[in-house]
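Peer 1: Here's the letter readout for the chains.
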Amino acid sequence: MYVAGIDIGSSTTKVLVLNQRDTVAAHITETLPDTSEKAESILAEAISGCSLVPKDVSYLVATGYGRVNVPFASRTVTEIACHAKGVHFIFPGARTVLDMGGQDCKAIRVDDKGNHQSFIMNDKCAAGTGRFLEVIARTIGIPLSEFGSLSLEAKAPLRISSVCTVFARSEVVRALRKGVPRADIAAGICEATTQRVVTLLKRVGIEPELVISGGIGKNTGVVKRIEARLGMPARIPPEPQLMGALGAALFAREEMPK
Amino acid sequence: MDILSAGIDIGSHSTKAVIFDGRSVLGGHALVSEDDADTAGRNALHQVMTLLGLTEGSVSNLTATGWGRRQVSFAGKVSSEALCASRGARWLVPAAGTVVDIGAEGCRAVKLRPDGGVEDSAENSKCAAGTGAFIELAAVYLKVPLDRIGPLALAARSKAEISSICAVFAESAIISQIHRGESVERIAAGVVWSVATRVTELIQRIGVSGDLVLVGGGAMNQGLVKAIEEMVGVRPMVPDQPQFVTAIGAAIQAQRLEASLPRQQSRGGA
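Going line by line, the protein sequences match chains D and G.
Residues 1 to 258, numbered by our numbering, are exactly what the first sequence covers, in order.
Residues 1001 to 1270, numbered by our numbering, are exactly what the second sequence covers, in order.
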């Protein structure tokens, strides 16, 4: 018996397949305009390594912003509920979850059963989302995966005065022209991001344990700054981007007709 | 001989300088702003004075405005952008009641007092949506010159859906629409509609009274002007060379400030 969760985010699509006990497959791929319609072939790709085909998966829950158009999904669940559930499964003590994806950022309060109690979300403005980091990483010519660690080498973080990604990018271009080191720019950008997410977290109310999921969990520059700002350690799941898909797969396993 | 004054508007994208003799604008010059507002202002002023054959010292009063106005060391006085846009618009359009300045990195709607001063204003200087910056980005992705966006938008029969909430998210929408083969005209129309939506929000926050005057570089985009007209339901007035209106207002303000000061103190007054 296999169940799956598919999390169609703005930047990446995540698939996670479970059997009764374990994760049997996990797969991350770029989201394309037709990803929702093609979800079945993405699932096929995800499970090809373990000699399974999509019809072996008896129940599939779709989540993420592209969840509505998945033709063969048994059900859809909001990404807030899926993130809460996925994170709770890995860290049962989690009470506050920060999830930052490619195009949004959510602060979620979770109860001791993994249900979301309240959340605040920014999906209106690119500042404080993965997109902000992506745009600046491209501007300074650094792979996003190295952005966070580079920021930790900064001697004098650049102060970014704009909130807006477009204006911040102009500030960064001017700084590059003046010869400001990339590490200082990366540090300034990580600080600005931290400022935005901490505001979001404070509005939802922070209670330990704090878990950071989504792509941002891989950015040590932001994670360390959040920890320093809050004076609190943050727990990072081993695969922070997969929490939504894990939650969706857990819903699938619970709900599957026995 | 008339007393000459100069207005210098240090914008985020371009710096404008104009010379005014109390009755008419003698000339103006615009250049792309450098990092250093003082140098940019000095260069723009030098250019327009050379153009008019004026010698140094022939311009007695100088007022700076724009975001970089406080860095202009040689300006006698500084004045806010809202006031200078109002003064300039009222001088060019005597019935001006609401002035909207659509700049490269901000937008401001100002309601004028009967005397041409500022009664109320609303502005966006934090977000690229609803500013010229977004139109510039769109022009880059559409691979057309900035001044083509307006005519292209006007040529469209319908518009593509472009978010007015965040320029960065709208940027991705534009890119995926290009990939899908959407027409340049429809995308341009969607872009100006997106900007007009934000500009109209500011206008509605302060209300329209008297003539609605659009100034700033954004007012050069006829597609944008048309979209604002449709949304607000009022035909806006656009002065010739709307990008100079705030600098003209600064030059007028320089003369007003001069006139209001006692003669002996007027020179080099702060």
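Among these hints, one or two may not hold up.
[Said to hold, decoys possible] Reference listing, derived: stretches of chain G covered by chain D, where coverage requires no fewer than 3 residues with Cβ under 8 Å from a Cβ of chain D: (1) 1121 to 1128; (2) 1132 to 1145; (3) 1165 to 1171; (4) 1176 to 1185.
[Said to hold, decoys possible] A short list of chain G residues far from chain D (calculated; beta carbon distances all over 10 Å): (5) Q1047; (6) L1051; (7) Q1071; (8) G1076; (9) P1094; (10) E1105; (11) D1115; (12) G1116; (13) G1117; (14) A1155; (15) R1157; (16) E1201; (17) I1206; (18) D1211; (19) V1238.
Honestly, the hints are just simulated from the structure, not real lab data.
Glycine included, each C-beta is placed from N, C-alpha and C at the ideal position.
Peer 1: Now tell me, hint by hint, if it's right for this structure.
Peer 2: Here is how each hint holds up against the structure:
Coverage of the stretch 1121 to 1128 of chain G by chain D holds [criterion: at least 3 residues with CB-CB distance below 8 Å; count 3]. Restraint check on the stretch 1132 to 1145 of chain G versus chain D: 3 residues with Cβ-Cβ distances below 8 Å, three needed, restraint holds. Against chain D, the stretch 1165 to 1171 of chain G contributes 5 residues with a C-beta closer than 8 Å to a partner C-beta. That satisfies the three-residue criterion, and the hint holds. Judged by the Cβ-Cβ criterion of 8 Å, the stretch 1176 to 1185 of chain G is covered by chain D as claimed, because 3 of its residues qualify and three suffice.
Interface exclusion of G/Q1047 from chain D stands, the closest Cβ pair being 23 Å apart, more than 10 Å. At the 10 Å boundary, the C-beta of G/L1051 stays outside the reach of chain D, the nearest C-beta of that chain being 29 Å off. With a minimum CB-CB distance of about 15 Å to chain D, G/Q1071 clears the 10 Å threshold, and the non-interface call stands. Interface exclusion of G/G1076 from chain D stands, the closest Cβ pair being 28 Å apart, more than 10 Å.
No beta-carbon of chain D comes within 10 Å of the beta-carbon of G/P1094; the shortest separation is about 35 Å. Distance check for G/E1105 against chain D: the nearest CB is about 6 Å away, which does not clear 10 Å, and the non-interface claim fails. With a minimum CB-CB distance of about 34 Å to chain D, G/D1115 clears the 10 Å threshold, and the non-interface call stands. Even its closest Cβ contact with chain D, about 31 Å, leaves G/G1116 beyond 10 Å, as expected for a residue assigned away from the interface.
At the 10 Å boundary, the C-beta of G/G1117 stays outside the reach of chain D, the nearest C-beta of that chain being 30 Å off. With a least CB separation of 26 Å from chain D, G/A1155 remains clear of the 10 Å interface cut-off, as annotated. Look at G/R1157: its CB is around 24 Å from the nearest CB on chain D, clear of 10 Å, so calling it non-interface holds up. No Cβ of chain D approaches the Cβ of G/E1201 within 10 Å, the least distance being about 14 Å, so the stated non-interface status holds.
Distance check for G/I1206 against chain D: the nearest CB is about 22 Å away, which clears 10 Å, and the non-interface claim stands. Under the 10 Å C-beta cut-off, the non-interface status given to G/D1211 relative to chain D holds; the minimum distance is some 31 Å. Under the 10 Å C-beta cut-off, the non-interface status given to G/V1238 relative to chain D holds; the minimum distance is some 25 Å.
Of the numbered hints given earlier, the model fails hint 10 alone.
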